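Asker: These protein sequences, in sequence, are chains A and B. Under this note's numbering, the letters of the first sequence match residues 337 to 610, in that order. Under this note's numbering, the letters of the second sequence match residues 13 to 777, in that order.
I should point out that these hints are in silico values taken from the structure, not numbers from a laboratory. Since we're looking at a predicted model, the values are computed, not measured. Misleading hints may appear alongside valid ones.
Using C-beta positions, here's what the derived DEER-type ranges look like [as the list claims (entries may be wrong)]:
hint, chain 1, residue 1, chain 2, residue 2, range
1, A, Val-433, B, Asn-447, 51 to 59 Å
2, B, Gly-177, A, Ala-436, 23 to 31 Å
3, B, Lys-487, A, Gly-383, 29 to 37 Å
4, B, Arg-381, A, Val-433, 21 to 29 Å
5, A, Arg-448, B, Glu-655, 36 to 44 Å
6, B, Gly-756, A, Val-433, 50 to 58 Å
7, A, Ala-436, B, Lys-152, 56 to 64 Å
8, B, Gly-395, A, Lys-551, 25 to 33 Å
9, A, Lys-551, B, Lys-487, 42 to 50 Å
In silico DSS-like pairs for lysine-lysine, Cα to Cα no more than 30 Å straight-line [stated by the list, open to error]:
hint, chain 1, residue 1, chain 2, residue 2
10, B, Lys-446, B, Lys-465
11, B, Lys-651, B, Lys-668
12, B, Lys-648, B, Lys-360
13, B, Lys-338, B, Lys-360
14, A, Lys-364, B, Lys-651
Cβ atoms here follow ideal geometry from the backbone N, Cα and C, with glycine treated the same way.
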Amino acid sequence: MFLLPGFSGVMVFYLLPFLEVVRRSFLKSGNSAFVGIENYRTVWGNGAFVLAVRNTFLYMAVGVPLLMGISLILSLLLRNLLLRRRLVSAMLLPMAVPAAVMVLTLQILIDRQGVINGVLTKVSEQMAALPAFAAIDYLNTEWALVVVVCSFLWKNTGYMVILWLAGLAALPKEVEEAAQVDGANRWQNWHYIIRPGLSGSFFTVGMLSVLQIFKSYREVWMVAGSYPQEHIYFLQHLLQNWYLKLEFDRMAALTVIMSLVLLIVCLLLQKRLE
Amino acid sequence: MKKKVRVLLFIMVCVMCAAFSGCGGSQEEEIPMGRYADREVKLPPGTFDYMHPCPDGSYYLYGLDTELTYVDAQGGSKAKDRGWEKNANIHVKYEVGVADNGAAVFAYAPRFWNDEELEARWLSGDICYLYFYVDEKGEKHALEPHGEGYQKGTNLNTFAFSPEGELYAASDHAVYRVNVETGEVESLFATEKQVKSMVFMGDVMLAADDGKAYFYDRAEGKLLDGNGALDVFLSSHSSGGLVMALGDRENEQILYMGCRTGLYRYIWGGSVIEQIADGQMTALGDTQRSPRALQVLDNGAFRVMFSGNYMVEMYYDETLPARPAKELTVYSLEENGWIRYAGQLFQKEHPDVLVRYETGMDGDNAVSREDALRNLNTRLLAGDVPDVIVMDQMDIEQYADKGVLRELDGILQPYLDDGILYQNIVEGMRMTEKNKIYSVPMMVYLPLWLGEKMYLDGEDSLEDIVAGMEKARQKHPEGAILYTLYPKDVLLQTMPVCLPAWTGEDGSLDVEKLTAYYQAVRRMWEIDCAGFDDAGREAWQKNNMEWYAPEDMDMADIGFNFQYAAQQNFGETWLQLGFLMTPQVGMTGIHVTKANMAADWQEKELEDTVTYDAYTGQAGNVYWARTIVGLCEQGKEPKLAEEYMNLLLSDPMMRKWWLDKPRNHSGLTIRKDSLGDILDIDNIEFGQTMGFKDPTGVNHPNFWPTEEEKQWLYQMMEDASCCYRPGTMLEECAMEVGVRVLEGELTPEEGAKEVERKMAIAMEE
Numbered sequence: 337m338f339l340l341p342g343f344s345g346v347m348v349f350y351l352l353p354f355l356e357v358v359r360r361s362f363l364k365s366g367n368s369a370f371v372g373i374e375n376y377r378t379v380w381g382n383g384a385f386v387l388a389v390r391n392t393f394l395y396m397a398v399g400v401p402l403l404m405g406i407s408l409i410l411s412l413l414l415r416n417l418l419l420r421r422r423l424v425s426a427m428l429l430p431m432a433v434p435a436a437v438m439v440l441t442l443q444i445l446i447d448r449q450g451v452i453n454g455v456l457t458k459v460s461e462q463m464a465a466l467p468a469f470a471a472i473d474y475l476n477t478e479w480a481l482v483v484v485v486c487s488f489l490w491k492n493t494g495y496m497v498i499l500w501l502a503g504l505a506a507l508p509k510e511v512e513e514a515a516q517v518d519g520a521n522r523w524q525n526w527h528y529i530i531r532p533g534l535s536g537s538f539f540t541v542g543m544l545s546v547l548q549i550f551k552s553y554r555e556v557w558m559v560a561g562s563y564p565q566e567h568i569y570f571l572q573h574l575l576q577n578w579y580l581k582l583e584f585d586r587m588a589a590l591t592v593i594m595s596l597v598l599l600i601v602c603l604l605l606q607k608r609l610e
Numbered sequence: 013m014k015k016k017v018r019v020l021l022f023i024m025v026c027v028m029c030a031a032f033s034g035c036g037g038s039q040e041e042e043i044p045m046g047r048y049a050d051r052e053v054k055l056p057p058g059t060f061d062y063m064h065p066c067p068d069g070s071y072y073l074y075g076l077d078t079e080l081t082y083v084d085a086q087g088g089s090k091a092k093d094r095g096w097e098k099n100a101n102i103h104v105k106y107e108v109g110v111a112d113n114g115a116a117v118f119a120y121a122p123r124f125w126n127d128e129e130l131e132a133r134w135l136s137g138d139i140c141y142l143y144f145y146v147d148e149k150g151e152k153h154a155l156e157p158h159g160e161g162y163q164k165g166t167n168l169n170t171f172a173f174s175p176e177g178e179l180y181a182a183s184d185h186a187v188y189r190v191n192v193e194t195g196e197v198e199s200l201f202a203t204e205k206q207v208k209s210m211v212f213m214g215d216v217m218l219a220a221d222d223g224k225a226y227f228y229d230r231a232e233g234k235l236l237d238g239n240g241a242l243d244v245f246l247s248s249h250s251s252g253g254l255v256m257a258l259g260d261r262e263n264e265q266i267l268y269m270g271c272r273t274g275l276y277r278y279i280w281g282g283s284v285i286e287q288i289a290d291g292q293m294t295a296l297g298d299t300q301r302s303p304r305a306l307q308v309l310d311n312g313a314f315r316v317m318f319s320g321n322y323m324v325e326m327y328y329d330e331t332l333p334a335r336p337a338k339e340l341t342v343y344s345l346e347e348n349g350w351i352r353y354a355g356q357l358f359q360k361e362h363p364d365v366l367v368r369y370e371t372g373m374d375g376d377n378a379v380s381r382e383d384a385l386r387n388l389n390t391r392l393l394a395g396d397v398p399d400v401i402v403m404d405q406m407d408i409e410q411y412a413d414k415g416v417l418r419e420l421d422g423i424l425q426p427y428l429d430d431g432i433l434y435q436n437i438v439e440g441m442r443m444t445e446k447n448k449i450y451s452v453p454m455m456v457y458l459p460l461w462l463g464e465k466m467y468l469d470g471e472d473s474l475e476d477i478v479a480g481m482e483k484a485r486q487k488h489p490e491g492a493i494l495y496t497l498y499p500k501d502v503l504l505q506t507m508p509v510c511l512p513a514w515t516g517e518d519g520s521l522d523v524e525k526l527t528a529y530y531q532a533v534r535r536m537w538e539i540d541c542a543g544f545d546d547a548g549r550e551a552w553q554k555n556n557m558e559w560y561a562p563e564d565m566d567m568a569d570i571g572f573n574f575q576y577a578a579q580q581n582f583g584e585t586w587l588q589l590g591f592l593m594t595p596q597v598g599m600t601g602i603h604v605t606k607a608n609m610a611a612d613w614q615e616k617e618l619e620d621t622v623t624y625d626a627y628t629g630q631a632g633n634v635y636w637a638r639t640i641v642g643l644c645e646q647g648k649e650p651k652l653a654e655e656y657m658n659l660l661l662s663d664p665m666m667r668k669w670w671l672d673k674p675r676n677h678s679g680l681t682i683r684k685d686s687l688g689d690i691l692d693i694d695n696i697e698f699g700q701t702m703g704f705k706d707p708t709g710v711n712h713p714n715f716w717p718t719e720e721e722k723q724w725l726y727q728m729m730e731d732a733s734c735c736y737r738p739g740t741m742l743e744e745c746a747m748e749v750g751v752r753v754l755e756g757e758l759t760p761e762e763g764a765k766e767v768e769r770k771m772a773i774a775m776e777e
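The shape of chain B in the complex, shown without the other chains (with noise of 0.2 Å):
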């Protein structure tokens, strides 16, 4: 029994060690060669968003305010004038449809601007979409969709032409055919969303909606069976775009299926769909652009066209290995556009390498910033650290103190030396205790104030505003002064530019600093409120929160935004807080912004009315830090992390991602040449809407920054030396006190007294 009892024993153990022997070790794998590599196909002059392909590999490149142009197998293009551009009465092509030949059909909005009656049908649906039709030889007819099985008003989204020339197209909730010669509609099945592709396949049409595939016989005129798999596929993959398209390989029917998460196959009639391309390592995976137009190639590669001009060609690289030996993995809260190109970018630049781009709250789910900072540190309490870390809206003294990040002098010491960084904006990071850089702003947001020069001339303290806004309201009684609608809208715009001078260097509040701040913003929110009755703060509310507040944007970010608040044409308020988010569309925001408002105030000498500055508040000098990068000490790949910190800190990376991406605000760049650059370039899309009418009536189509403001504009970069960084402890209570201070539970003195309290306990920690 007892010998039994130890051969048990012994075998028990040998299990266990066996079990655990592979735990944690790591093995020298052969990768196989070979995946699917992506280049850029140079378009020709225009803004293209759309690719019709042909079957003999030429296609039709057309954008929504771009004329249609031809593009041979061979690259070389011209443009087919069909003479639609011309049309004056086409205010928005919202659709097209291209055929094969280059017949094509359009679906526009009526231009009902300043034609009351008709923009009134247009809002309640009384009239809908015009829609037009272009044959081959570029003879153009109106189309007027009529018959049984169409309803009056509904509006055709999507269009698309069989290879015999036949017109398709679809409605929220049906597929048509349409008679492109007398525009008589027949509607062959309802779906349940909007159809956004269709593919032909001998008699049968595969329409497909973001949740399903509708397989449809042309011949027969009947619906045919469904596909689970492909159903599946959909629902799960559309999100961001997903295109189609049909080949022929090995006397096969593929359907190819291009998303964000890879390139897919399908056999015609099968039940499997398989990845041929991994989205991470192609432009598909690129989550700034949606791909488009999808095009089978003869030589086995495929075309790619994505939103925002820009077209790859995927190829098979038979001398890349199937997946990267080596893997960068970068870290953020949130997602980040700056950081997910400078990952393609590094990509292209090292195949070896796989850059895993991980963000805590992706948005798809409702992890709050609290749990994503749990699992990041769950995950560092692992050992699973990422290589490099964006530390907005973390708390980097922190994460330095406790040894996760790595110090960063020796990598920024060059570009300091260079004089290729603002000094003072780097500098503005180091922690004091240490003496030590751990991170590094890309980008960063300036506090700006712009309004009537009566009111603020010269002047931009804190009391200087409420001074100011105290001028506004003699003279204008009625009416909001700031572009606040409700209390926090005050506290978000005035804090970032006082929060800094609340903590002293030992981290001790300053309970007067923080009296003061609320007695300021209180007269501030109060000056505002004097303005308007109970009813007509109200419709203030409710007005701006209707047509300006777009769902995904805050409210207090639309008050920071200059350039958003031009676009919205505001020009009901008599001061502006925000910061200068971009380079050069902000400094066009700051005119068009000045033009609606003296336009508003019916002012003729706009120059002499208006007035923008720094705006100091509290702390002066003030910069708001965004995409702060950090490198992790424990990073699996400390070389490639560094390699990677200076592809972020380069000319090319910093002036493309402006080149890609005018129009979006990641902030002014800390690198001197390259915001020089971004300055002057001539590129018509950085002004293109920033046109404006100013009060005397004149026409600006586009605005350039003079060297009078360029160098005001690079003055106060030099300047900016006290950091902001949202998301602390302090500005949160500060904050959720504020409302209450502002709403008159608490005094200032009270709101002071509590946020003190609420630290202390933090302080303690």
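Just chain A, with the same shape it has in the complex (with noise of 0.2 Å):
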């Protein structure tokens, strides 16, 4: 009876669209002919799927341990020091610079004739033991993906570094300093009382780093449109993509198989935390 309420909101705003997508999955779109499973067999079949689907996996798979090693390796120097407020609100200025800024700062940096190949290049002119530096169109190369890669950390390290902080402070400090009288070294400390005791953390901090994967969508649209180099097309391009070619019965096809593969990464989550 209490979760009748609750109950009925999740009804209503999740699980019936869900159900609705589920039937469309199944569907054509226009004219809402039953295909059984085709939208699936497409979607499974289609080039730019798979290309959407590795380039996703390389991004989440560089970016999340780059992202959150980073962090945590910023946060455990900064944990003893003076200025620290200073220098984590100083580090979180990336989160408040409005995605439009971030671009254009973006474009300044890497663009053809941008601050990057500027540099390179003087540097290569000025130093002749070097080979000579020709300009790269980073967004149209491999290093797109770097670029990316950068621009996340460049991002979100702040936000995380307070996260393994908030972490950090609610150690006991007595077991630390019982385990340094008792002669254990920083590798000892790290190994046996922080790392152990930041599990909590790494769980959170891992969440969102994904999450942040996901999100940073919108600035690697504004600087690569929609159809941006191969190395950086990514399931939300696609899925974007083909709700303006009115590709319905495939996108409901798609988000039905990525629910379900979440799911099961969840429960296979759930199961290793039990």
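Using the supplied hints, reconstruct the complex from the two chains, each of which is provided in its own coordinate frame.
Answerer: Structure (structure tokens):
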């Protein structure tokens, strides 16, 4: 009885629409004819889908560990600094920068005639020993993914540092002090005390990093458009383009596939935690 | 306890059922009768833009180039010759104010053509408008504004005579009282913007700008308290023009206001503004015209004068339902004047139907094309389907494939059987895979080149144009050959006639042709740039941007448009590539352009020197489809939509549009008889400003196409079979990469490969 209002909300706003998506995944958009698993077959055999999945997972596989690792190292370095608060505030600045400004900055930096190419050209001109540098169009070469990962790290590191610092602050100082008295070195301190104590934060930071990966699509789209270089063509590009092309049936099938994958991942994680 | 829970559950279920029972249901509702309708008022000969209403129902008509004409309450007219038209010093009359008794005041700019000193003084603001006053007897004298509150050089832009004959005027920052005999000016009050209307209610004058209403007590000489409701109304309803008039109904003074959204009334002293006629159901909603004056008549009707020599009488019709019972929804991504116009005509023919014209990108907001398409697709997904859809800049194949568009073969067949439409153009829209037609363009543009005969005589492919440019460069080492300022301009002028050749029937990209295209345009750009050093190129760009490009016009549009190019008196170029956008004015434009080019080259033999022809590019026989209309399969009013389509394809619709709007650039009509009629119309409007002086010094006030030229145009229409539609993914991609190719970032081969790579993902999708 007490669950009824909440359950009704979930029913109306989540489950029913999802069931409608599942229903549409078996119909042809336009005339709504039943096509069985044809849409799933189309999605599975679609080259753009394969490319988007591969790129999205590669981005995630590179971006998430890098973000978590860099922010953890920074938080450990900042942990005992007096200027910690000010430094952390400064690191949060990229989060406050509007997406449009960020994109503009990125373009100024990575354009073929941008700052990075300019500096590298100057350096190669000055140092005769180095080979001549040819300007790179970063967003239209394999470098595109590196650019996207760098901008992702730049934008999100500060926030993740705060989360790690919160986790570190929650660790009991006495345990670390006792370990130091007992002669534990830094590595032992990290391995036996800090790392196990941060397991809760690890999960939170990991989940948020994955979410931020999906949220960073906006910047990628703004800087490279609907059809970017093939290394930065993600699942969101595919969904957006399909929506513009009225491919609602394929979108529904893709949504169901993605939901199933996420469900399996969640169940595996849950099992592992248990 | 359990019982209580059951009762509670039962009540919840009942409430939910009751709440959802109304969703999506339709109820037969009785619509009350009576609403304002309008009918056109026949105007006396002349081109009028303004009206001064008189209290007895008569009115004065005037235009900036047409003499004052008095029309009595019964509609009889006579010109009141005040002699001001004969004033030789008047170049352009900017503002006119008329009193009830026929006295008038005029503001005009001095003629400074060929007088550099005068022109410099005018541009520096040292001199301003000149004025003169003509009394009711026709006596004229110059009016020289002066006085303590008047700063020399201030232009007076708005005039109004009070019922007693006092003249009031407004500048962009103040309102003044002007003594018409002495010219003495008394500043009354300051305003935030230019006051555009002034009306008088006893001693109180109401002056309104675009965001504020000022009440001024003329007897006491002071500003009264403002009215917040009126201020809000003015700031939200003034775009597109707002007119005011006072009326006296049931012992109450009422202020009537007309604007795009409708006719409103405000009881003097009150705080409520009430709509009495919906703009969408009357001529007020016409976005092509601005209301210029409003007159309240004794019988409860109104006269509204619009820009463009058009007046309507709005009357209350008790036989019409207060709102139409049916609704026909027409959708386009961008505002399309022709489609809006058709909606108004359709509504006139079907008073029981409201034509709701919706645009995805309405100009007032920053909705991108992609956002607008996304919004439209959301609507379609939700079942909110328009009846008629204008497919310009949309992927027709996609929408047809997904069942959004309805097959049009049945509707078009009678037109094709009778040879009414250009079959080749209609067939160009046939979807090869389904062998059906889902949309049809109402107008087309045709590609043309124009230049010196010795370079291009008889040749018109892309390579020939490049070869012609090379010859021209040898003869003219300095300056521009084409009218292109930036790399994008070269691409915009050449891509439409090449793009259809780059894809096969299966949609695959022909990389070889694309490479050849990039090689050709790169060479064109190099040839064009070779005539300038960096500073010269920059000066040429700056000069053209400043003088020839209006804010709302892309430079490429100017390059496309011969008529515009001609009007702007280019002539610094040796070759023009572009599109013929209008039938008659366009043909005139070609001649003016020819004349300008020849005059600039100081060639006497115009016909032997300059020539023009169809420009085939890589594709050949290309036409640029404009106003492509389709009907929606799931539209709510399929019969009405069909009728609407028939109206669009009708001769009166196409002809009337041209008669009313001779200067727009909608394109060449796909109806053979309409195109012929338009070319034959002997209407001064078509050629009024098309006068030009040929190299021999002979002045040609107007030009009408010769029979030979008409036949040439008809043949081009007959040959056009390859459809170009802008806004495709391939075009966007090729344009973006093309700029990089022209700027030297990529070689033509690399550019073509880059496009291929980018298109590969789109193809895979």
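Asker: When the structure is checked against the list of hints, which entries are broken? Sort them ascending.
Answerer: Violated: hints 2, 3, 5, 6, 9 and 10.
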